[in-house]
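Assemble the complex: chain Z is given as a structure, and chain C must be docked to it using the hints.
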Amino acid sequence: MFKRSDPDSRQSVHIFVDGAAVVAREGDTVSAALLASGRDVRRATAVSGAPRLPYCMMGVCFDCLVTIDGVGNRQGCLVPVAEGMQIEIQKGKREIGR
Amino acid sequence: MGSGDEFRLSTPQGEIRAAKVLLAAGNANQTLAPMVGLSAPMGPTRGQIVVTERTRPFLPHPLTTIRQTDEGTVMIGDSKEDQLDDRALNHAVSAVMADRAQRMFPHLGRLNVIRTWAGIRVMPQDGFPIYDQSESEPGAFVACCHSGVTLASNHAFEIARMVAVGALEPELVGAFSARRFDTNHAATSSGYY
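Respectively, the protein sequence lines represent chains Z and C. Take any residue in the first sequence, note its place counting from 1, add 1, and you have its number in the working numbering. Take any residue in the second sequence, note its place counting from 1, add 4, and you have its number in the working numbering.
The shape of chain Z in the complex, shown without the other chains (with noise of 0.2 Å):
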């Protein structure tokens, strides 16, 4: 759905989503890399379930919560990627102790 622009030439950044290698760029935030990714990223809102992406990719909307290197309930469009940052799509309500 998304594709990066050709003269992108940013710095590779290596992440992990669910486990799995994803290269990232330099600067990305954790949401953009995620959407660039083409991996399925939808996480399950707390209450009801339903599928969401990122969408304000400014703050604002929380849709884009995610588990970040252990920590849960991180919005993804406000954290700058990092080299071997461990990213989980979060299924539902944040983990007791996460």
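Since the hints were derived computationally from the structure, they do not count as laboratory data. The structure presented is a predicted model; accordingly, all values stated were derived computationally and were not measured. Be a bit skeptical, because a hint or two may be false.
Interface residues of chain Z toward chain C, partial, derived using beta-carbon atoms under 8 Å [as the list claims (entries may be wrong)]:
#, residue
1, 48
2, 79
3, 95
Dumping the calculated EDC-like pairs for lysine to aspartate or glutamate here, alpha-carbon to alpha-carbon at most 20 Å [as the list claims (entries may be wrong)]:
#, chain 1, residue 1, chain 2, residue 2
4, Z, 92, C, 75
5, Z, 92, C, 141
6, C, 24, C, 130
7, Z, 92, C, 74
8, Z, 92, Z, 64
9, C, 24, C, 141
10, Z, 4, Z, 29
11, Z, 92, Z, 41
12, C, 24, C, 173
Positions of the beta carbon are idealized from the N, C-alpha and C atoms, including for glycine.
Showing chain C alone in chain Z's frame:
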């Protein structure tokens, strides 16, 4: 107020006439009740609540200070403050409540807080409900209590029925008359007061 067989209420929206009046104005009942020959001694307090984001269910039972809602948010709070201005939070109070909560349930320390507020409790002087009917102004009733949510079914199905009939039933609610405050034996503590 009483005039013949009806009550006349002067309000900013104009006059209202009614055969019966049920005073259910919370803490303001203290001021309104004497207008119809009743009393409603109130002792309001201020409380604060801290609410976290949703998390997986971990607490199926409500505690006095911590409850988890069905949808997963955690409500932390039990403060009792004497000042009755609810327009500003006392963050030191919120901090104490949050600290106690995470000492009881350490994983709460990882959760984000999404809301916090202060409110004024409707609180009869001994913490228990007041249900009364006026002897000098027949048709006037008073009903006030702390948790109108907890007692909603009793109010809807029992108190409302009695008011409609025109008399409170002593065997069901007689113990909650404000006449209990006339003695020195009235209870003085409900935990929140």
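For each hint, the structure was consulted:
Restraint check, residue 48 (chain Z) versus chain C: the minimum CB separation of about 5 Å is within 8 Å; hint holds. Interface restraint check: residue 79 (chain Z) against chain C, minimum CB-CB distance 13 Å, threshold 8 Å, status violated. Taking 8 Å as the C-beta contact cut-off toward chain C, the hint placing residue 95 (chain Z) at the interface holds, the least distance being around 5 Å. For the hint pairing residue 92 (chain Z) with residue 75 (chain C), the CA-to-CA distance comes to about 14 Å; that is within 20 Å, so the pair holds.
At roughly 61 Å between alpha-carbon atoms, residue 92 (chain Z) and residue 141 (chain C) are farther apart than 20 Å, so this suggested pair is violated. Taking the CA atoms of residue 24 (chain C) and residue 130 (chain C), the gap is about 27 Å. The hint is violated against a cut of 20 Å. Our distance criterion of 20 Å between C-alpha atoms is met by residue 92 (chain Z) and residue 74 (chain C), whose separation comes to about 17 Å. For the proposed pair residue 92 (chain Z) and residue 64 (chain Z), the alpha carbon gap of about 12 Å is at most 20 Å, so the pair holds.
For the hint pairing residue 24 (chain C) with residue 141 (chain C), the CA-to-CA distance comes to about 10 Å; that is within 20 Å, so the pair holds. At roughly 13 Å between alpha-carbon atoms, residue 4 (chain Z) and residue 29 (chain Z) fall within 20 Å of each other, so this suggested pair holds. Proximity of residue 92 (chain Z) to residue 41 (chain Z) is assessed by CA-CA distance (about 13 Å); at most 20 Å being required, the pair is judged to hold. In summary, the hint linking residue 24 (chain C) to residue 173 (chain C) is supported, as the alpha carbons are separated by about 17 Å, within the 20 Å threshold.
Checked against the numbered hints given earlier, the structure breaks hints 2, 5 and 6 and satisfies all the rest.
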